[in-house]
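**Student:** If you want the building blocks of each chain, they are given just below.
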Amino acid sequence: MSSFSLLSSRTLSRSRAEWFGNIRGDLLAGLVVALALIPEAIAFSIIAGVDPKVGLYASFSIAVITAIVGGRPGMISAATAATAVLMVTLVRDHGLQYLLATTVLVGVIQIAAGAMRLGTVMRFVSKSVMTGFVNALAILIFLAQLPELTNVPPLTYVMVAGGLAIIYLLPRVTKAVPSPLICIIVLTAISMTMDLDVRTVNDMGQLPATLPIFLLPDIPLTLETLWIILPYATAIAAVGLLESLMTASIVDELTDTTSNKNRECVGQGVANCATGFIGGMAGCAMIGQSVINVKSGGRGRLSSFCAGVFLLIFCVGLGDWVKQIPMAALVAIMIMVSIGTFSWASIRDLKVHPRSSSIVMLATVAAVVATHNLAIGVLLGVLLSGIFFAGKIAQIFRLTSTLSEDGLARTYFVRGQLFFASADEFLAAFDFKEVLETVTIDVSQAHIWDISSVSALDTVVLKFRREGAKVVIIGLNEASETIVDKLAIHDKPGALERLMAH
Amino acid sequence: MPKLLALIDGSLYTQSVCDHSVWAAGGGDGSVRLMHVLGRRGASSAPANLSGTLEVDGRDALLDELASLDEQQARLAQRRGRVVLDEAKARLEEAGVGKVEVTLRNGDLIDTALEFESDVDLIVIGKRGEAADFAKLHLGSNLERVVRSSTKPVLVASRAFKPIKRFLIAFDGGASAMKAVDHISRNPAFSGLEGEILTVGPDTSEARSTLDRMVDMLKAGGHTVQADVVSGQADKVIANRVEQGGIDLLVMGAYGHSRIRNLIIGSTTTEMIRSCLIPIMLFR
Numbered sequence: 001m002s003s004f005s006l007l008s009s010r011t012l013s014r015s016r017a018e019w020f021g022n023i024r025g026d027l028l029a030g031l032v033v034a035l036a037l038i039p040e041a042i043a044f045s046i047i048a049g050v051d052p053k054v055g056l057y058a059s060f061s062i063a064v065i066t067a068i069v070g071g072r073p074g075m076i077s078a079a080t081a082a083t084a085v086l087m088v089t090l091v092r093d094h095g096l097q098y099l100l101a102t103t104v105l106v107g108v109i110q111i112a113a114g115a116m117r118l119g120t121v122m123r124f125v126s127k128s129v130m131t132g133f134v135n136a137l138a139i140l141i142f143l144a145q146l147p148e149l150t151n152v153p154p155l156t157y158v159m160v161a162g163g164l165a166i167i168y169l170l171p172r173v174t175k176a177v178p179s180p181l182i183c184i185i186v187l188t189a190i191s192m193t194m195d196l197d198v199r200t201v202n203d204m205g206q207l208p209a210t211l212p213i214f215l216l217p218d219i220p221l222t223l224e225t226l227w228i229i230l231p232y233a234t235a236i237a238a239v240g241l242l243e244s245l246m247t248a249s250i251v252d253e254l255t256d257t258t259s260n261k262n263r264e265c266v267g268q269g270v271a272n273c274a275t276g277f278i279g280g281m282a283g284c285a286m287i288g289q290s291v292i293n294v295k296s297g298g299r300g301r302l303s304s305f306c307a308g309v310f311l312l313i314f315c316v317g318l319g320d321w322v323k324q325i326p327m328a329a330l331v332a333i334m335i336m337v338s339i340g341t342f343s344w345a346s347i348r349d350l351k352v353h354p355r356s357s358s359i360v361m362l363a364t365v366a367a368v369v370a371t372h373n374l375a376i377g378v379l380l381g382v383l384l385s386g387i388f389f390a391g392k393i394a395q396i397f398r399l400t401s402t403l404s405e406d407g408l409a410r411t412y413f414v415r416g417q418l419f420f421a422s423a424d425e426f427l428a429a430f431d432f433k434e435v436l437e438t439v440t441i442d443v444s445q446a447h448i449w450d451i452s453s454v455s456a457l458d459t460v461v462l463k464f465r466r467e468g469a470k471v472v473i474i475g476l477n478e479a480s481e482t483i484v485d486k487l488a489i490h491d492k493p494g495a496l497e498r499l500m501a502h
Numbered sequence: 001m002p003k004l005l006a007l008i009d010g011s012l013y014t015q016s017v018c019d020h021s022v023w024a025a026g027g028g029d030g031s032v033r034l035m036h037v038l039g040r041r042g043a044s045s046a047p048a049n050l051s052g053t054l055e056v057d058g059r060d061a062l063l064d065e066l067a068s069l070d071e072q073q074a075r076l077a078q079r080r081g082r083v084v085l086d087e088a089k090a091r092l093e094e095a096g097v098g099k100v101e102v103t104l105r106n107g108d109l110i111d112t113a114l115e116f117e118s119d120v121d122l123i124v125i126g127k128r129g130e131a132a133d134f135a136k137l138h139l140g141s142n143l144e145r146v147v148r149s150s151t152k153p154v155l156v157a158s159r160a161f162k163p164i165k166r167f168l169i170a171f172d173g174g175a176s177a178m179k180a181v182d183h184i185s186r187n188p189a190f191s192g193l194e195g196e197i198l199t200v201g202p203d204t205s206e207a208r209s210t211l212d213r214m215v216d217m218l219k220a221g222g223h224t225v226q227a228d229v230v231s232g233q234a235d236k237v238i239a240n241r242v243e244q245g246g247i248d249l250l251v252m253g254a255y256g257h258s259r260i261r262n263l264i265i266g267s268t269t270t271e272m273i274r275s276c277l278i279p280i281m282l283f284r
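Protein chains in written order, with my numbering: chain A, 1 to 502; chain B, 1 to 284.
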């Protein structure tokens with residue numbers, strides 16, 4: 001009882017602090033974020049090829065639900081570019097209803113991932129892969145604006161340039177109002193009063209006119225449907241979790257607090273599941289918006305919650321005005337998001353960082369730009385960093401030897417790490433041409449990590465025996481302690497010291 | 001020789017916590033660990049920038065900005081914490097406490113207190129902290145959390161220390177009240193004090209006999225106490241007795257009920273801490 005009440009007492013006070021620890025800051029930041037979310041949600045719906053209302057409903061529901069069930073207070077989740085680019089072909093070939101079903105499935109996959117504690121797998125994603133991810137994301141956001149920038153009347157360029165000028169110059173005058181909002185207001189006012197012939201949000205599809213309602217995706221519940229949506233759902237779920245966990249670590253770092261990564265996985269899943277049923281598209285955490293939220297003073301769950309609620313109020317209440325927003329204003333804002341998401345420091349760092357890190361980062365970017373799938377880029381980046389790491393560790397290996405005085409016996413001393421990447425070098429280091437009666441291989445100073453190295457050792461023994469030598473192996477037990485998958489260091493005193501000693 | 005953990009935060013109650021610690025430490029024999037915990041930094045420390053834009057490498061710039069703001073605040077808090085601790089230490093040493101240690105920690109007050117409580121006999125804390133100084137008759141939010149989560153007795157210091165001559169044990173027959181009696185019978189700080197032990201409830205022979213056993217137990221420890229059984233509403237009766245009997249210290253079991261129950265009908269403990277203007281020693 002006492003431990004229970006202790007637990008509940010702490011959870012209670014923590015959750016109260018997460019919700020109401022920073023009311024004023026969270027409300028203001030939520031407002032700023034909601035205003036910034038509207039153009040983004042519209043833009044991402046257009047990327048995915050659906051009506052703006054799909055993205056707006058999604059942003060509302062994802063922001064509100066992750067505020068409640070997510071693991072990272074102060075992080076903003078909504079409809080995103082990273083997930084939108086994966087939906088393009090699905091929407092084009094099968095239509096909106098399949099997208100909604102996919103969204104539900106994405107949620108189910110993410111909940112399962114959270115339940116399996118896959119959040120911890122994020123530790124294999126290195127810094128270089130993360131940098132590659134944000135850079136690729138920035139490029140994707142920019143590329144998505146190109147249709148609005150090609151084959152358009154010259155007036156569009158003037159408006160985009162004017163919008164960018166407002167966005168970047170206004171904060172120098174005042175930081176009290178969101179400059180993207182002023183950009184929208186000014187450009188909308190100009191295009192309405194001068195009756196300019198530019199594309200507006202109205203041309204892009206339907207805006208929300210009512211509060212979202214619960215509806216089941218209208219699809220045949222067959223295995224065939226599952227095979228259509230499963231590949232999309234898997235990719236979207238993976239990308240969504242990646243960006244969400246990455247954003248969570250960015251917010252952790254900015255606010256110097258910790259978050260519950262597995263709870264965040266489940267939270268994203270619950271949010272997507274629910275969003276599919278109210279006619280929204282799948283989304284995830286947004287790096288740019290989360291940074292804006294922290295910058296505006298948002299820290300708690302209330303900020304994300306308010307962002308979602310304000311967003312819906314604005315869209316439903318001001319729908320007629322939102323319709324009039326020229327696309328040029330949205331493009332300007334998205335260019336700002338793209339520039340702000342890109343890590344420009346990483347270009348400078350290319351010169352100073354180790355070449356392997358740079359290759360990992362560039363490969364991640366290249367793979368994403370080629371496939372438009374951030375998950376593939378991250379997978380490639382993680383693979384490459386694993387290979388580079390193995391290559392580095394394989395260098396920690398030396399083979400020395402001494403010949404007996406009569407010249408009949410030689411003792412080889414193996415030191416360092418023996419595993420798949422160093423097995424070949426290990427084999428090549430022995431001189432099988434030398435005629436010996438006895439060969440002693442002392443592996444007591446080596447670590448045998450895997451089966452590749454065991455079989456390499458077997459090969460060496462076999463080769464020497466075929467040359468007529470008697471082979472003795474010393475210290476095999478100590479060396480092969482590391483072959484088990486999990487090192488039981490904790491129950492053997494001094495085991496770590498022995499491991500590090502050679 | 002009692003070992004004490006005194007939680008101080010530089011509020012009005014700090015001096016009182018020190019003085020109560022001196023009393024509870026029983027002079028030169030006891031040892032006191034004075035602890036000040038620097039809580040989490042304020043949630044939103046940056047001056048609000050509502051421009052809603054992402055500048056070039058804005059993430060790094062924001063991180064630098066937030067980190068340097070936190071750094072400045074942390075330095076200030078640290079310096080202030082040292083001063084608070086040093087002053088308190090001087091006060092205790094002046095009063096003749098043999099061994100005084102100071103501890104300045106970052107983190108959550110409750111977690112930190114639990115970390116350090118294992119080898120102490122008593123925790124001393126003020127009724128309210130610096131954040132709640134404005135609300136005179138309300139209790140600090142940390143107080144109940146400390147009392148609920150700690151396994152050690154907690155001495156809740158009143159606004160100012162008054163020499164303790166008479167104590168009252170509010171005895172409800174529960175396990176924590178038994179613990180209280182046991183503690184007092186062995187605590188040298190209570191020797192030579194006049195005491196009363198009071199049960200609020202129907203005057204049955206059973207209640208009387210339990211009380212008598214407690215009196216015997218206290219007698220064995222060298223305390224003479226009067227026992228009484230009074231019927232009525234616990235908090236009113238106890239408050240009355242405290243006022244009329246010139247009681248300087250109230251001893252009682254604390255938070256016998258779950259949070260949910262307290263939420264609905266309120267907690268006697270909270271009510272007592274709030275309404276009695278004397279220090280209270282709580283046992284869980």
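Any given hint could be a false lead.
Said to hold, decoys possible - Just some of the chain A residues that point at chain B, by a computed CB distance under 10 Å: (1) I167; (2) L170; (3) F214; (4) L215; (5) L216; (6) D218; (7) G288; (8) V294; (9) S296; (10) T341; (11) F342.
What the hints assert, rightly or not - Per label pair, the in silico range of CB-to-CB distance: (12) A:E478 to B:D182: 51 to 57 Å; (13) A:V108 to B:V56: 35 to 41 Å; (14) A:N260 to B:L69: 24 to 30 Å; (15) B:T103 to A:N260: 52 to 58 Å; (16) A:L215 to B:E71: 47 to 53 Å; (17) B:L69 to A:I185: 27 to 33 Å; (18) B:Q72 to A:T11: 47 to 53 Å; (19) A:D450 to B:S176: 22 to 28 Å.
Hint data in this document are derived by calculation from the structure and do not stem from the laboratory.
C-beta: ideal position from N, C-alpha, C; glycine also.
**Student:** Now look at each hint and say whether the structure bears it out.
**Tutor:** Structure-based check of each hint:
1. A cut of 10 Å between beta carbons decides the hint on I167 (chain A): the least distance to chain B is about 6 Å, and the hint holds.
2. Hint on L170 (chain A) holds. Least Cβ distance to chain B is approximately 7 Å, under the 10 Å limit.
3. For F214 (chain A), the shortest C-beta to C-beta distance to chain B is roughly 32 Å, which exceeds 10 Å, and the interface hint is violated.
4. Given the 10 Å rule on beta carbons, the hint for L215 (chain A) is violated: about 33 Å separates it from the nearest Cβ of chain B.
5. The restraint placing L216 (chain A) at the interface with chain B is violated, with a minimum CB-CB distance near 37 Å, outside the 10 Å limit.
6. Of the supplied interface hints, the one on D218 (chain A) is violated, with its beta-carbon coming no nearer than about 37 Å to a beta-carbon of chain B, more than 10 Å.
7. Interface hint at G288 (chain A): satisfied, since its Cβ lies 5 Å from the closest Cβ of chain B, which is below the 10 Å cut-off.
8. The restraint placing V294 (chain A) at the interface with chain B holds, with a minimum CB-CB distance near 7 Å, inside the 10 Å limit.
9. Hint status for S296 (chain A): holds, given a least beta-carbon distance of 5 Å to chain B, under 10 Å.
10. Because the smallest distance between the Cβ of T341 (chain A) and any Cβ of chain B comes to about 7 Å, under 10 Å, the interface hint for this residue holds.
11. The interface hint given for F342 (chain A) holds, since its Cβ lies 8 Å from the closest Cβ of chain B, which is under the 10 Å cut-off.
12. In this structure the hint that E478 (chain A) and D182 (chain B) lie 51 to 57 Å apart at CB holds, the actual value being about 56 Å.
13. Checked against the given bound of 35 to 41 Å, the beta carbons of V108 (chain A) and V56 (chain B), roughly 39 Å apart, stay inside it.
14. The hint said 24 to 30 Å for the Cβ distance between N260 (chain A) and L69 (chain B), and at roughly 26 Å that hint holds.
15. Taking the beta carbon of each, T103 (chain B) and N260 (chain A) are about 29 Å apart, not inside 52 to 58 Å as hinted.
16. For L215 (chain A) and E71 (chain B), the hinted distance range of 47 to 53 Å is satisfied, since their beta carbons lie about 52 Å from each other.
17. As the Cβ distance of L69 (chain B) to I185 (chain A) is approximately 32 Å, the hint placing it in 27 to 33 Å holds.
18. A hinted range of 47 to 53 Å is violated for the C-beta pair Q72 (chain B) and T11 (chain A), which are about 32 Å apart.
19. Under the hint 22 to 28 Å, the C-beta atoms of D450 (chain A) and S176 (chain B), about 58 Å apart, miss the expected range.
In summary, the structure is inconsistent with hints 3, 4, 5, 6, 15, 18 and 19 from the numbered list given earlier, while agreeing with the others.
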